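Please build the complex by placing chain B on the supplied structure of chain A, with the hints as guidance.
Chains A and B are the protein sequences, given in the same order.
Heads up: the first sequence begins at 1 in our numbering, then just goes up one per residue.
Heads up: the second sequence begins at 1 in our numbering, then just goes up one per residue.
Hint data in this document are derived by calculation from the structure and do not stem from the laboratory.
Careful: at least some of the hints might be erroneous.
[To be verified] Interface residues of chain B toward chain A, partial, derived using beta-carbon atoms under 10 Å: (1) Ala9; (2) Leu16; (3) Leu21; (4) Leu24; (5) Tyr63; (6) Gly66; (7) Trp68; (8) Pro70; (9) Leu284.
Please read these numbers as outputs of a predicted model, since none were measured by experiment.
Yeah, the Cβ is synthetic: ideal placement off N, Cα and C, and Gly gets one too.
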Amino acid sequence: MEDLIVRYVSRIVVPFVQLFGLYVVFHGHLSPGGGFSGGAIIGASMILYALSFNLAAGTKKVSHDLSLILESSGGLIYAGVGLAAIFLGANFLGNKVAGIPLGTPGNLFSSGTIMIITLGVGIKVASTMITLFYSLIEGEQKTDEHC
Amino acid sequence: MSAAHHLPALAIVVPLVIAYLMPLFDRWRRGWCTPAALAALGFSFAASLVMAWQVMTHGPFSYQMGNWPPPWGIELYIDYLAVFTALTMTGVSLIVLVYGSRDLLHELKPHLLGWYYTLYLLLIASMVGMALTNDIFNLFVFVEICAIAACGIISIKESRECLEAAFKYLVLSALGSGCLLLAIALLYMVTGHLNFTFIAQALPEAMRLYPNNILAALALLLVGMGVKSALFPLHVWLPDAHSSAPSPSSAVLSGLVIKIYAVALLRILYQVFPDSIFEVTPVLTILLVMSSLAIIVGSMFAVVQEDIKKMLAYSSIAQIGYVFLGFSLMEISALTGGILHMFNHAMMKAMLFLAAGAFIYGTGVRRLSDLKGIGLTMPVPAAAFTIGALAMVGIPLTNGFISKWFLVLGALRGGQTFFAVVILISSLLNGFYYLPIIVNAYFGEPQGAVAEPKRLPRLMQAPLVILGFGCLLFGIFPSLIIGLASRAGQALLGM
Chain A
1 MEDLIVRYVS
11 RIVVPFVQLF
21 GLYVVFHGHL
31 SPGGGFSGGA
41 IIGASMILYA
51 LSFNLAAGTK
61 KVSHDLSLIL
71 ESSGGLIYAG
81 VGLAAIFLGA
91 NFLGNKVAGI
101 PLGTPGNLFS
111 SGTIMIITLG
121 VGIKVASTMI
131 TLFYSLIEGE
141 QKTDEHC
Chain B
1 MSAAHHLPAL
11 AIVVPLVIAY
21 LMPLFDRWRR
31 GWCTPAALAA
41 LGFSFAASLV
51 MAWQVMTHGP
61 FSYQMGNWPP
71 PWGIELYIDY
81 LAVFTALTMT
91 GVSLIVLVYG
101 SRDLLHELKP
111 HLLGWYYTLY
121 LLLIASMVGM
131 ALTNDIFNLF
141 VFVEICAIAA
151 CGIISIKESR
161 ECLEAAFKYL
171 VLSALGSGCL
181 LLAIALLYMV
191 TGHLNFTFIA
201 QALPEAMRLY
211 PNNILAALAL
221 LLVGMGVKSA
231 LFPLHVWLPD
241 AHSSAPSPSS
251 AVLSGLVIKI
261 YAVALLRILY
271 QVFPDSIFEV
281 TPVLTILLVM
291 SSLAIIVGSM
301 FAVVQEDIKK
311 MLAYSSIAQI
321 GYVFLGFSLM
331 EISALTGGIL
341 HMFNHAMMKA
351 MLFLAAGAFI
361 YGTGVRRLSD
371 LKGIGLTMPV
381 PAAAFTIGAL
391 AMVGIPLTNG
401 FISKWFLVLG
411 ALRGGQTFFA
421 VVILISSLLN
431 GFYYLPIIVN
441 AYFGEPQGAV
451 AEPKRLPRLM
461 QAPLVILGFG
471 CLLFGIFPSL
481 IIGLASRAGQ
491 ALLGM
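Just chain A, same shape as in the assembly (with noise of 0.2 Å):
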């Protein structure tokens, strides 16, 4: 599918929805959204790419082997902060109790523990969207080659 306008708009557009998903998570911890919303704005934009332009593209930004390190290393983030707090000696997934500084409440740098795991969420969901969609392209080009 040779399409001009699609590619120029989604070419402008992709941009700015990156920076909003990265906006959505980043501030997570202070406004509506979180890792979830704002990991499936950034995965949307990228699956909006690789259809304007082609799979070819997609995985030239994204490669497979990149995805999956993202999709595992978003669940290790996650696990990872909770383990330390059991290493600082609070509970797992202990937040102000393993001595994490906490911030002024608003700022953005807050909150301590909260953040990074909204990112890694973010990051998780982002690539898991990227995966799936690339999943189903590549089986539906499998069948083909069959039939």
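Positioned in the frame of chain A, the structure of chain B alone reads:
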């Protein structure tokens, strides 16, 4: 605070972390996959053992996630039932995984092995979580993880029948999850709490104000957990799903997954709902009728099966009926029997499925009538199958006898002789379909592929030997495990 203090959280988190690492290992360090998966489950099992020891010596204790006290934070509550269930889940799944590490090499495409371990570890971690958690929404999250992981390990073979079975399971278990979520929402609406202990405190008052909400929640809960644990009229997904999956998957699905939902239902019924609910609604009677039907009808379906794994799957429907029967008789011996049967059936059904998997691995034969003389050519799996079958029937010296003994004792003590008769009839039916297989296996003339089976790797023989030994051990020395089971029952009945 020692490291042992954190074991409840670590028993769940370590398999989860390894599950996340597995795709990376699969991509770059394929050799690490199997040892890492075994190590994670081994850790969980060891943690469960230590927790069991702590509970037996110091009594139940709780663990607060992030040091948030219960009404706000998620609480793990480690009592007798929780450690009993966690031990069953981690112990049996560890043994099954040892078998699976060899069996899966021929059942799956090589690039799927790492993903299989991911799903398997997620499944076990979620079941341990369901056993330990004291928070009803946390329970729901684990139920969802468990449902999706279970669908994954059924469909991973990518054959037509696997996909069909997995889809059926996915739809029905999504229905169950939906019911469960609604039930949780209704309970939260009337009590304002998600923690079991706090809901239990708020419910007697709420019962008076909003009786209909609570009845609806109870009904939805019964249907949701009933679908997921394949209680008789809601069992339709089970035979296909459990018979078409790879053998290690069948073993954990039949042996463990359907039990954990029964345990969750048991915990909510006895610990969350007030005792007066049993007077207002005939919920226990409903469960008794459904479980008796499951016991009889499941066995009758199993009799007519030709496929060995299908027969075992139908037998699971009957066996989950025993577990529910024990749970709903409201009598301490029966409850102990039900809890004990959960463990015993997990061991014997896992062993039977693994033995069936070994037959299929060695000969490729699935039809029961073609397995003549298998006892002469594949002695180890056939011996395991024999022990498992005898335990299913409930022959003394096997663990199946002990749990059935407790169930019958409970039924008689509770003055409900009818259910003792149901158990006896079902035992006869069990004998009716298991014993001919054994007779055929040892006295038939091996033909075709059965005469010259592939050699079974040692790693696939060892789990069968361990499980068979375990069935006999807990049959001859049942006191090893009865103490924990009966204390769990006493705690639930408030004795």
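Hints and how they fare:
Annotation: interface hint on Ala9 (chain B) holds; nearest CB of chain A at approximately 4 Å, less than 10 Å. A hinted interface residue such as Leu16 (chain B) counts as satisfied when its beta carbon comes closer than 10 Å to some beta carbon of chain A; here the least separation is about 6 Å, so the hint holds. Taking 10 Å as the C-beta cut-off, the interface hint given for Leu21 (chain B) holds, the closest approach to chain A being about 6 Å. Satisfaction of the interface hint for Leu24 (chain B) is found here, the shortest Cβ-Cβ separation to chain A being roughly 5 Å, below the 10 Å cut-off.
Checking Tyr63 (chain B) against chain A: minimum C-beta separation of about 7 Å stays under 10 Å; hint holds. Of the supplied interface hints, the one on Gly66 (chain B) holds, with its beta-carbon coming within about 4 Å of a beta-carbon of chain A, less than 10 Å. For Trp68 (chain B), the suggested interface contact is upheld, since its CB lies about 9 Å from the closest CB of chain A, less than 10 Å. The beta carbon of Pro70 (chain B) is not positioned within 10 Å of any beta carbon in chain A (closest approach about 13 Å), and the interface hint is therefore violated.
Below 10 Å, beta-carbon pairs count as interface contacts, and Leu284 (chain B) has none with chain A, the closest being about 37 Å; its hint is therefore violated.
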